[in-house]
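Undergrad: Single-letter residue listing:
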Amino acid sequence: MSAETAQNARGSGGASLFSDQRFRSLFFQALVIGLLGAFLVFIVYNTAHNIEKRGIQTGFAFLDAAAGYDIAISPFMEYTATHTHGRVFLVGLFNTLLVSFLGIIAATFLGVFLGVLRLSPNWLVSRIVYCYVEFTRNVPLLLQILLWYAIFLALPAVKQSITMFNDIIILNKRGLIVPEPLPGDGFMLVPVALVLALFASIFFARWAKKTQAATGKIYPVFMTNTAMIIGLPLLAFAVTGFPLDFAYAELKGFNFKGGVVIKPEFTALWFALSLYTAAFISETVRAGIQSVSHGQTEASEALGLRPSWTMRLIILPQALRVIIPPMTSQYLNLTKNSSLAVAIGYPDIVQSFGGVTLNQTGQAIEVIFITMLVYLTISLLISGFMNWYNNRVSLVER
Amino acid sequence: MSNASTNTSKKTDEVAIQLNGVHKWYGQFHVLKNINLNVQRGERIVICGPSGSGKSTLIRCINRLEEHQQGDIIVDNIELTGNLKNIDAIRREVGMCFQHFNLFPHLSVLENCTLAPIWVRKMPKKEAEEIAMHYLERVKIPDQAAKFPGQLSGGQQQRVAIARSLCMNPRIMLFDEPTSALDPEMIAEVLDTMIELAETGMTMLCVTHEMGFARKVADRVIFMDGGEIIEQNEPEEFFNNPQSERTQKFLSQILAH
Amino acid sequence: MSVTEQQYAPGEHPDLPPPLGEAGLIAWFKKRLFSSVGNTILTLVAVFFLYHVLSAIIFWTLTGATFTGETKADCDLGGACWLVIGDRFHQFMYGLYPTDQYWRPNLTFILMVVAIVPVLFDNIPHRGKFLLFSAIFPFIAFYLLSGGWGLETVDTDEWGGLLLTLVLGVTGIVASLPIGIVLALGRRSNMPIVRTLCVCFIEFIRGVPLITILFMASNMLPLFLPEGVNFDKLLRALIGVALFSSAYMAEVIRGGLQAIPKGQYEGADAMGLSYWQSMRLIILPQALRIVIPGIVNTFIGLYKDTTLVSIIGLFDLIGIGLVAVADVKWRGLAPETYAFIALLFFISCFAMSRYSLWLENKLHTGHKR
Numbered sequence: 001m002s003a004e005t006a007q008n009a010r011g012s013g014g015a016s017l018f019s020d021q022r023f024r025s026l027f028f029q030a031l032v033i034g035l036l037g038a039f040l041v042f043i044v045y046n047t048a049h050n051i052e053k054r055g056i057q058t059g060f061a062f063l064d065a066a067a068g069y070d071i072a073i074s075p076f077m078e079y080t081a082t083h084t085h086g087r088v089f090l091v092g093l094f095n096t097l098l099v100s101f102l103g104i105i106a107a108t109f110l111g112v113f114l115g116v117l118r119l120s121p122n123w124l125v126s127r128i129v130y131c132y133v134e135f136t137r138n139v140p141l142l143l144q145i146l147l148w149y150a151i152f153l154a155l156p157a158v159k160q161s162i163t164m165f166n167d168i169i170i171l172n173k174r175g176l177i178v179p180e181p182l183p184g185d186g187f188m189l190v191p192v193a194l195v196l197a198l199f200a201s202i203f204f205a206r207w208a209k210k211t212q213a214a215t216g217k218i219y220p221v222f223m224t225n226t227a228m229i230i231g232l233p234l235l236a237f238a239v240t241g242f243p244l245d246f247a248y249a250e251l252k253g254f255n256f257k258g259g260v261v262i263k264p265e266f267t268a269l270w271f272a273l274s275l276y277t278a279a280f281i282s283e284t285v286r287a288g289i290q291s292v293s294h295g296q297t298e299a300s301e302a303l304g305l306r307p308s309w310t311m312r313l314i315i316l317p318q319a320l321r322v323i324i325p326p327m328t329s330q331y332l333n334l335t336k337n338s339s340l341a342v343a344i345g346y347p348d349i350v351q352s353f354g355g356v357t358l359n360q361t362g363q364a365i366e367v368i369f370i371t372m373l374v375y376l377t378i379s380l381l382i383s384g385f386m387n388w389y390n391n392r393v394s395l396v397e398r
Numbered sequence: 001m002s003n004a005s006t007n008t009s010k011k012t013d014e015v016a017i018q019l020n021g022v023h024k025w026y027g028q029f030h031v032l033k034n035i036n037l038n039v040q041r042g043e044r045i046v047i048c049g050p051s052g053s054g055k056s057t058l059i060r061c062i063n064r065l066e067e068h069q070q071g072d073i074i075v076d077n078i079e080l081t082g083n084l085k086n087i088d089a090i091r092r093e094v095g096m097c098f099q100h101f102n103l104f105p106h107l108s109v110l111e112n113c114t115l116a117p118i119w120v121r122k123m124p125k126k127e128a129e130e131i132a133m134h135y136l137e138r139v140k141i142p143d144q145a146a147k148f149p150g151q152l153s154g155g156q157q158q159r160v161a162i163a164r165s166l167c168m169n170p171r172i173m174l175f176d177e178p179t180s181a182l183d184p185e186m187i188a189e190v191l192d193t194m195i196e197l198a199e200t201g202m203t204m205l206c207v208t209h210e211m212g213f214a215r216k217v218a219d220r221v222i223f224m225d226g227g228e229i230i231e232q233n234e235p236e237e238f239f240n241n242p243q244s245e246r247t248q249k250f251l252s253q254i255l256a257h
Numbered sequence: 001m002s003v004t005e006q007q008y009a010p011g012e013h014p015d016l017p018p019p020l021g022e023a024g025l026i027a028w029f030k031k032r033l034f035s036s037v038g039n040t041i042l043t044l045v046a047v048f049f050l051y052h053v054l055s056a057i058i059f060w061t062l063t064g065a066t067f068t069g070e071t072k073a074d075c076d077l078g079g080a081c082w083l084v085i086g087d088r089f090h091q092f093m094y095g096l097y098p099t100d101q102y103w104r105p106n107l108t109f110i111l112m113v114v115a116i117v118p119v120l121f122d123n124i125p126h127r128g129k130f131l132l133f134s135a136i137f138p139f140i141a142f143y144l145l146s147g148g149w150g151l152e153t154v155d156t157d158e159w160g161g162l163l164l165t166l167v168l169g170v171t172g173i174v175a176s177l178p179i180g181i182v183l184a185l186g187r188r189s190n191m192p193i194v195r196t197l198c199v200c201f202i203e204f205i206r207g208v209p210l211i212t213i214l215f216m217a218s219n220m221l222p223l224f225l226p227e228g229v230n231f232d233k234l235l236r237a238l239i240g241v242a243l244f245s246s247a248y249m250a251e252v253i254r255g256g257l258q259a260i261p262k263g264q265y266e267g268a269d270a271m272g273l274s275y276w277q278s279m280r281l282i283i284l285p286q287a288l289r290i291v292i293p294g295i296v297n298t299f300i301g302l303y304k305d306t307t308l309v310s311i312i313g314l315f316d317l318i319g320i321g322l323v324a325v326a327d328v329k330w331r332g333l334a335p336e337t338y339a340f341i342a343l344l345f346f347i348s349c350f351a352m353s354r355y356s357l358w359l360e361n362k363l364h365t366g367h368k369r
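Those protein sequence lines, which keep their order, are chains G, B and Y.
Heads up: the first sequence begins at 1 in the UniProt record's numbering, then just goes up one per residue.
Heads up: the second sequence begins at 1 in the UniProt record's numbering, then just goes up one per residue.
Heads up: the third sequence begins at 1 in the UniProt record's numbering, then just goes up one per residue.
Be a bit skeptical, because a hint or two may be false.
[Unchecked claim] Derived pair list, reagent style EDC-like, types lysine to aspartate or glutamate, alpha-carbon separation capped at 16 Å:
id : chain 1 : residue 1 : chain 2 : residue 2
1  : G       : Lys-210   : B       : Glu-127
2  : Y       : Lys-30    : B       : Glu-67
3  : Y       : Lys-31    : B       : Glu-66
4  : B       : Lys-122   : B       : Asp-88
5  : G       : Lys-209   : B       : Glu-111
No lab work stands behind these hints: they were computed from the structure.
Looking at chain G on its own, in the form it has when it is part of the complex:
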């Protein structure tokens, strides 16, 4: 307080105004704003001029105009060349979300599996995983996507398709063809049974916890619930008399008819993204588990807890705190990396909307703005989730 008055006194006492800290800060910020404003004016002026000169349209009217090009993969909505650019945006967005979602699931399972193997006391297994991780991490993802795509394209042509399981699954350079499931009457019971099983297992877990608290008896919750979640739908399926038919693909003329075709663009992108991210996730998992000090394991063992309980009750709860934040940023990276779809022509948002639509309409500013907005939104949602989770975990902690 006294220092401040002293400084003010000196400031008003005739010394340069510039030595006043607050004034200097204000001045500097004004300068930054001024420079930024000038820069923006410069850009906006140039852009307006250039757009006018090149005859580029502005505004978002193009979203309602017919796109006029085909998109090979649109699993969630009908799309033909006569649909609008707005529709292209949606198709692209869903394709981005589809490959990201499936990629995240595959990468998580594989990554956790590899991370655990990496910590295996078996030297050979741990070394193999180490080599895999190092090799995958140190080669650009784009190259891996291209490599997988080349491998899928190098598969035999339609006539020489690889068939597996008695022609049920067909693999050729046009993609992987699997039978299309045709659910019959009563099939609805299977998902109903699954939902029931999920509720039942939640209930059982709670009941088991309560019973343990009351009587001390320990039930095999994990095994029981797994059996229930797998078994109940199977049971429902059997009781209703297996009401599921498949439309098998058949070779007609030059191509297969029927069945579901999974395009090599999707498979290559999905493989590459999952395998690449799994390598990073496995390192995250390994680091997380190793971050729990050995003393914790020793203390737990000295108390007589079995290794599996030590893992579940002591190590995992502590490791998860360390693992979750980097894991979320890996998910974010995977989603952003899915934009490399453009290199092999998987119609995600960057390839279809940000690529073809941009080139057709020439409205770079609008298209790129919308595309970036999509990724920014996803980023904000995921980091919002992460903050929420971190807060929750740290609340449990303290």
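Once you've looked at the hints, dock chains B and Y against the given chain G.
TA: Just chains B and Y, lined up with the frame of chain G:
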């Protein structure tokens, strides 16, 4: 000066721990050399020696945190081998306190104490909590039960660790330098707890340099150096009339200030 | 235990070698590979897997591969056809750089090594003088590669292959460090406007994929410029890469700034240093030192990410690879081409990550002491 009068030995003739010709190597390094030791039930033993002498390794072998490679270790008439059942059985009977407490930071003090009774002894939660509160009262921190380890002082944490071990109702307690990570003013509160525990007749093996504690409660003081037991004796005799040159040197260093 | 233990006087027991099978190679095998039934099965599965994978790789890359010949027809051994690499090796290295000027990229490369070594290792003699050279190296490299003043001018369109990848990587790191430092300081500044601007910029860049930034640089940048001013493709890509990496660099450096104890800031203030003096003399030298491993890791990411410029039509390693794959003469040799490029990247990135690890350990021990 003599504190021997307070030393009310509860030593019995029953053998609690028996080590016969135990050897251990870390790689090529010979850490434990031909250790022979019998511990009577109710006996309180203090193990001292310079760092790297193998004293921590010795007590960590007793509950199989370390594996010995030669010789026999028999705890409570159960022989320690690779047999997991035997290891489980022994760990249930043997409690341990560590230099760095090793409390579980994600669990509250009460949960730290009830964890093992619930999962290992299959005790109802309420009963486990009652027992935990009983022992937390004995180590004089029942009011901290709902807190997390990170919120406690070092001395309090070590007392929680002692309570946590006691909740398993062990017949033997191992202490691995329980006070050496503590500030001086906290050492006393932990030692008091240990003295009280000793008075209940618990079989105790303590690795510690607290010589006052040794004089007060130990039935026997063991001096280790270079992986061997150099000398063992009753505390009075051990401190006043050390036999070997190495013991004398060690004692003069440790009692110099 | 029937062997009677030889008795020694207390304190006289010699160090004995561990019993057979308890230490050394046998114990290692027993412990790490065959400690239990499960572990043994795991080992056998791993050996089986390794045998098949390795033999397939060795067959494809070496024993079944073709190294000499003229056309694809010469490749009839069943493995890889490396002829395509040999045929286009110069392109992989230099792109379309004029053949008679190859000495210029070669010289640049040698100078680059001279410039980088003093940056990486702090124990070489006369480091200061070498660092001075490192500072002016980018200008020398630019002159050597693009020409003018007595050298034949080479258009950036003709740069390609490994040369272009290195140009992108080195420019990216050289440009992103100062921008990153400014952004990191801005984000920790107590001037609200400056702070907000920096946060927005950093979070925006980190929230979108690099490819959209490159699209922006190649499609929108020309619109932003006054009429008649034209940036070539490479410069536009470089601007995109620099913006992208500086945001990530800023976060790495901010981590370093946060790790500096408050006492250092207070100490600098107490000595009467101005903000910039205290940053330059006290805080930044320490902060940057801590984050060198992080910077190297960011650089590895950046170096791998430069491959994205092939999507906007530059001929870096992957761009050249795509051309090679599209060549009718070598049709169907994509796996060979990509494997070769992957090897180049793996060697450099792995070396860098090892370096970063080594540094981290060094810093760690330095801290402990």
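Undergrad: Evaluate each hint against the coordinates.
TA: Here is how each hint holds up against the structure:
no.	hint	result
1	G/Lys-210 with B/Glu-127	holds, 14 Å
2	Y/Lys-30 with B/Glu-67	holds, 15 Å
3	Y/Lys-31 with B/Glu-66	holds, 14 Å
4	B/Lys-122 with B/Asp-88	holds, 14 Å
5	G/Lys-209 with B/Glu-111	holds, 15 Å
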